[in-house]
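Everything in the sequence shown is counted per this note's numbering, starting at 739 for the first residue and increasing by one.
Hint data in this document are derived by calculation from the structure and do not stem from the laboratory. Hints may contain errors.
Here are the computed distance ranges between Cβ atoms for each label pair [unchecked claim]: (1) Q794 / G770: 26 to 36 angstroms; (2) Q794 / S774: 31 to 41 angstroms; (3) T772 / Q794: 29 to 39 angstroms.
Fair warning: this is a prediction, and the values are worked out from it, not measured in the lab. From the three backbone atoms N, C-alpha and C, an ideal C-beta is built for every residue, glycine too.
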Amino acid sequence: MLHTMSTSVESATERSAAEVNEEIRALWHRSGGTLSVEQREEYRRLVMEWAAAAPQSAEAA
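All chains, full assembly: derive it from the sequences and hints.
Structural data, given as structure tokens:
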């Protein structure tokens, strides 16, 4: 059987919103407050991951 490596940017394990938020903060800290094109793409991916991991409030429903 042939196995292929995933090209998805999704992580193999799901992280909590707090973990993703910490990575977002670290990205901003490393960038000095100005994101490069590559960093903006990473930020977008992280925000999407954070939104998926964040608990949904009952008021939003």
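Self-check item: Ascending list of hint numbers which this structure does not respect
Solution: none
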